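Chains as they are written, first to last, in this note's numbering: chain F, 1 to 509; chain S, 1 to 328.
I should point out that these hints are in silico values taken from the structure, not numbers from a laboratory. Errors might be hidden in some of the hints.
[To be verified] Only part of the chain S face toward chain F is listed, based on derived beta-carbon distances under 8 Å:
{"no.": "1", "residue": "Leu146"}
{"no.": "2", "residue": "Ala169"}
{"no.": "3", "residue": "Arg191"}
{"no.": "4", "residue": "Gly209"}
{"no.": "5", "residue": "Leu210"}
Keep in mind that this is a model prediction, so the values were computed, not measured. Note that the Cβ used here is the ideal one computed from N, Cα and C, for glycine as well.
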Amino acid sequence: MSAAVTLTPPPEAALSLDIDAVTKSYGPTIALRGVSFDLRRGEVHALLGENGAGKSTLVKILSGIVKPDNGSVRLGGQRFAPHSLMAARAAGVSTAFQELSLLPNLTVATNLTLPKQRKGLLGLASRRLNEAYAAQLLAECDAADISPGALVSDLSLAEKQRVEIVRAVSHRPRLLILDEPTAALAEPEWLFRIVERLAASGTGVLYISHRLAEVRRLCRRGTVLRNGESIGTVDLANARDGDIFRMMVGRGAEEPADATATPVRRDAPLAVTLRDLRGPGVDGISLNLHRGEIVGVAALEGQGQRELFRMLGGAAPILSGDVAVEGKPVQFASPLQALRAGIGFVPEERKIEGIFLGLTTASNISLPILGRLLRFGLIDRTRERAEVGRAAALVDLAARYVGMRISALSGGNQQKALIARVLLSGARNLVLFDPTRGVDVGTKEVIYGVIRDFTAKGGSVLLYSTELSELVHLSDRCLALYRGRIVGEAAGAALTEERLVSLATGHGE
Amino acid sequence: MNAPVSNAVTRSLLRRLLGNGTLIVAFIYALLFTIFASRQSDALSQTSITDLFNNAAPLALAAAGGSLVVLTRGFDLSVAGVVALSNVLMATQVGEGPQQALLGLAVVCTAGLLVGAVNGILVAYIRLQSIASTLATMIVTSGLALLVLDAPGGTVPDFVADTLTDSAAGIVPVAALILLAVVLIWLLLRRTDWGVALYAVGADETAAGLAGIRTRRVKFFAYCLAGVFYALSGYMLSALTATGNPNAGNSYLLLTFAAIAIGGTSFSGGRGGVVGAMLGAATLTLLQKVLFSAGVSSFYTGIFQGVVMILAVLVAATSDRFASGRRA
């Protein structure tokens with residue numbers, strides 16, 4: 001009953017992809033300034049770039065989710081402007097999304113057959129046929145260990161990622177887009193086999209990753225994106241890692257010697273001590289944060305880092321365990337209490353948790369210290385201005401922004417204001433959750449500077465970032481979190497992206 | 001690699017049993033019915049059972065419709081307006097006889113469908129908040145009901161009132177047959193692409209879109225079908241009360257949502273279903289009867305209904321948490 005599944009489309013179906021000067025902006029934010037490259041028939045082509053370089057936007061355009069403003073995309077010589085995901089799929093393009101598009105409340109089989117279920121009697125969806133189809137599909141993709149009847153919410157992250165890839169492959173694409181496909185995969189070899197098999201049969205693969213080793217293994221050519229522009233297409237065999245990295249970030253690669261030169265400040269006095277901290281998603285975390293130290297936290301999505309940081313910021317309850325600041329045990333149940341205990345928290349969702357969009361930047365910055373600014377029970381505006389001005393200067397936030405509504409500021413400047421706020425509060429310890437997410441390169445540098453400056457003055461920082469390079473660059477040492485526990489630590493010369501990846505995927509020791 | 005997989009399957013099974021709101025509400029209903037039967041000697045008689053079905057039917061139909069919308073992570077307040085509108089239409093515009101009864105059915109269903117379509121356009125296509133849009137359509141339809149009949153009165157044709165509250169062949173209550181038909185329709189719908197998509201959209205609209213589901217269309221049809229169910233609810237209510245009341249829908253608004261919640265449908269979408277909601281409605285009406293038979297003043301009914309709702313939601317939440325094993 002179920003149609004036979006074949007992963008190999010006939011070779012004549014192979015297509016080339018030509019992307020020419022594609023641009024896209026969302027309101028005032030320019031996502032793509034001009035991207036051009038071509039993908040030959042049956043080629044595995046790498047797309048490289050930092051977070052925010054425009055990779056995701058390009059994936060969305062090719063998948064039919066957003067329309068480009070300008071430029072042309074041609075698939076197999078034909079104009080390719082899909083108006084929907086299904087139209088792109090019909091044209092032979094299918095995508096395994098980075099953010100995983102599986103439905104947690106449905107089974108693996110149902111997810112694999114969406115949007116059209118296999119039908120049995122009376123044209124009704126048949127669980128049996130669905131699962132038979134899914135089992136066959138999973139077996140062909142060498143993923144037979146995943147049960148078709150299991151709910152997706154019960155799968156591990158790696159299993160989910162494999163199902164996502166199997167689903168993209170199952171549409172028999174002529175062009176397959178893989179967006180950071182190995183982010184959660186413990187055994188990328190599995191994926192490499194599939195990609196090589198598809199490529200051998202003539203399917204083009206656009207392989208998006210920032211892991212150069214993988215890219216070198218699979219692809220002959222790669223295109224580098226930076227700030228929404230395609231910087232160039234390189235022949236990977238003739239390009240050194242350093243060259244590619246320079247193209248990606250627009251400057252020379254940070255000398256690793258820099259990072260190792262920083263002494264690990266274990267002898268400095270303790271700033272924050274966590275003893276067997278537990279709560280939802282956090283399963284017994286102990287760590288010592290010393291004065292003047294930047295401790296990084298590396299983890300795959302959903303390993304408890306969000307919960308841990310929210311606990312430390314007073315935004316999530318601590319079920320058991322102790323927190324001590326400078327040797328004194330502290331307890332807090334709200335961000336304000338955490339701040340009073342000396343821990344300032346910059347949350348992830350700044351639009352939701354961080355800022356008051358209706359207020360001015362100045363009011364946003366001065367919020368936690370309003371108590372100090374009172375005179376006869378009213379806010380002393382002159383002193384507020386002075387204090388805010390001082391904090392804004394610390395984070396390089398231009399004075400003209402201070403009086404404006406914060407909603408009018410760019411994401412980067414909002415982030416600066418948020419950091420200014422915690423600095424102003426006088427907290428000696430900062431808990432920063434992905435502070436450079438979605439901000440431009442210039443702002444990143446400023447934020448790095450602020451963090452270094454803060455620790456140089458004796459503050460301590462616990463930093464989570466989705467960008468491993470950032471952790472390697474900033475941290476004195478870096479902890480890896482896996483399933484709510486600390487599974488490893490890297491410092492000094494051992495603090496490399498590769499090391500963090502293997503630790504964070506639970507393959508540390 | 002094998003151990004975690006078989007684990008996942010066991011956990012799926014566990015969750016399906018424990019996290020299944022329908023089972024929980026069925027248990028609560030059985031418990032209440034036992035109490036009811038022990039207090040009321042004629043509880044198992046033909047008339048008593050027919051009454052039970054008749055009284056539960058309007059709320060059950062309303063809850064069935066509402067749960068479709070709640071599954072998509074929406075709220076549909078227009079139930080109050082549509083129930084009232086279809087009640088006053090039945091009390092004023094329909095004559096005697098089977099033909100007129102069918103005509104009345106067609107008229108109220110069309111009205112419900114239209115209101116549902118407006119809701120669907122506002123929520124799915126214009127992307128307005130579902131509470132705000134359906135509040136507006138509730139106010140409009142309540143106003144329309146007042147235009148049709150400005151004070152309680154009118155008569156529902158005897159044919160409708162008698163047939164629907166009677167027993168077919170003297171044994172099976174007609175209301176029970178209607179509810180059974182709705183359950184069957186739902187079981188079929190659940191196994192269509194739309195039925196599967198309903199759960200997908202409710203769980204994660206973006207992911208559903210990325211999986212190729214036309215999310216807007218799925219939501220639109222959920223609101224349309226919900227409107228039809230509200231109209232059927234009003235039709236059944238008319239048969240039961242045999243008269244018209246432009247405010248008939250008011251008491252349905254909150255009870256509908258209570259029934260949906262008791263039935264194990266999650267307000268955060270993607271979990272639950274129509275059968276649970278109907279059982280939830282039956283539980284709420286049975287509770288009224290139990291309290292009445294126990295001689296508790298009707299003023300206390302609301303308090304008990306609220307307590308049962310909290311219990312059901314609590315049981316569902318804890319057993320689901322237990323089944324998912326996240327806190328182990």
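Going down the list of hints, with the structure as the test:
Among the interface hints, the one on Leu146 of chain S is violated; its C-beta lies about 39 Å from the nearest C-beta in chain F, farther than the 8 Å criterion. Hint status for Ala169 of chain S relative to chain F: violated, with the closest Cβ pair at about 28 Å, above 8 Å. Restraint check, Arg191 of chain S versus chain F: the minimum CB separation of about 4 Å is within 8 Å; hint holds. The beta carbon of Gly209 of chain S comes within 7 Å of a beta carbon in chain F, closer than 8 Å, and the hint placing it at the interface holds.
A least Cβ separation of about 3 Å between Leu210 of chain S and chain F falls short of the 8 Å threshold, and the interface hint therefore holds.
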